[in-house]
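Make a model of the complete structure from these sequences and hints.
Residues per chain are reported as follows:
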Amino acid sequence: AQKVTQAQTEISVVEKEDVTLDCVYETRDTTYYLFWYKQPPSGELVFLIRRNSFDEQNEISGRYSWNFQKSTSSFNFTITASQVVDSAVYFCALSESLYFTGNQFYFGTGTSLTVIP
Amino acid sequence: DVKVTQSSRYLVKRTGEKVFLECVQDMDHENMFWYRQDPGLGLRLIYFSYDVKMKEKGDIPEGYSVSREKKERFSLILESASTNQTSMYLCASSLLFGDRGPQPQHFGDGTRLSIL
Numbered sequence: 301a302q303k304v305t306q307a308q309t310e311i312s313v314v315e316k317e318d319v320t321l322d323c324v325y326e327t328r329d330t331t332y333y334l335f336w337y338k339q340p341p342s343g344e345l346v347f348l349i350r351r352n353s354f355d356e357q358n359e360i361s362g363r364y365s366w367n368f369q370k371s372t373s374s375f376n377f378t379i380t381a382s383q384v385v386d387s388a389v390y391f392c393a394l395s396e397s398l399y400f401t402g403n404q405f406y407f408g409t410g411t412s413l414t415v416i417p
Numbered sequence: 371d372v373k374v375t376q377s378s379r380y381l382v383k384r385t386g387e388k389v390f391l392e393c394v395q396d397m398d399h400e401n402m403f404w405y406r407q408d409p410g411l412g413l414r415l416i417y418f419s420y421d422v423k424m425k426e427k428g429d430i431p432e433g434y435s436v437s438r439e440k441k442e443r444f445s446l447i448l449e450s451a452s453t454n455q456t457s458m459y460l461c462a463s464s465l466l467f468g469d470r471g472p473q474p475q476h477f478g479d480g481t482r483l484s485i486l
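Heads up: the sequence lines are chains A and B, in that order. If you count by this note's numbering, then the first sequence holds residues 301 to 417, one letter each, in order. If you count by this note's numbering, then the second sequence holds residues 371 to 486, one letter each, in order.
These are computed hints drawn from the structure, not numbers from a lab. Among the hints, erroneous ones may be present.
[To be verified] Derived DSS-like pairs: lysine-lysine, alpha-carbon spacing no greater than 30 Å straight-line:
hint	chain 1	residue 1	chain 2	residue 2
1	B	Lys383	A	Lys370
2	A	Lys316	A	Lys338
3	B	Lys388	B	Lys423
4	B	Lys441	A	Lys338
5	B	Lys423	B	Lys441
6	B	Lys425	A	Lys303
7	B	Lys373	B	Lys427
8	A	Lys370	A	Lys303
9	B	Lys373	B	Lys423
10	B	Lys425	B	Lys440
11	B	Lys388	B	Lys441
12	A	Lys338	B	Lys425
13	B	Lys373	A	Lys303
14	B	Lys423	B	Lys383
15	A	Lys370	B	Lys441
16	B	Lys373	B	Lys440
17	B	Lys425	B	Lys373
18	A	Lys303	B	Lys383
19	B	Lys383	B	Lys440
20	A	Lys338	A	Lys370
21	B	Lys373	B	Lys388
[Said to hold, decoys possible] For each label pair, taking beta carbons as the anchor points, the in silico distance ranges come out as:
hint	chain 1	residue 1	chain 2	residue 2	range
22	A	Phe354	B	Tyr380	40 to 46 Å
23	A	Thr320	B	Lys423	42 to 48 Å
24	B	Ser378	A	Phe354	40 to 46 Å
25	A	Asn358	B	Ile430	30 to 36 Å
For every residue, glycine included, the Cβ atom is placed at its ideal position computed from N, Cα and C.
Spelled out as structure tokens, the structure:
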């Protein structure tokens, strides 16, 4: 079963619109961590945020904000006033609490965002 | 800044060849990972390593092996390349899981491998 689901395969918005990327996860652990990554056309995945399961406070960083809701197992990502440079593939990932090394991540299938000028 | 360097950006090989993909990181990270990325499938973990000479299978290890002789270097080996191994390969590294939980993985630019 897929541990991380990103149901939106592709999204297109016009510049300056707000856009929300959905992420739904599945885990039986009480301690887990969620991540968002951005993959621009150049290919390198860039780390955006890490959130642990005990911290449900929403986070804002500039035009980016994240809404973590344990009740719905969701960790959604909103870009406010989108810009062309936001065009990329965005991945959500889950890491469950491990008692050994390895730090395995489970990635969603990604959402491709295109911002049209 | 963490730098993860993959030896080739693009690589073309023939079916049956033994293929080596190299990855080097410069931040003394304990963990290193190899993923493949395919359209519609996201990133799938092939192998990871948490120490020199240690390796663990990921979700899709079949047809691959790895080598970690030095802490900074993690190699992915396709023993006998096949066309279904045509893909984008991504290497990543991270600090060891610590008190603050799993650390972010830092990725290289990727190697786009084509098997003809």
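Hints the structure violates: just list their numbers, smallest first. Failing hints, ascending: 1, 15 and 18.
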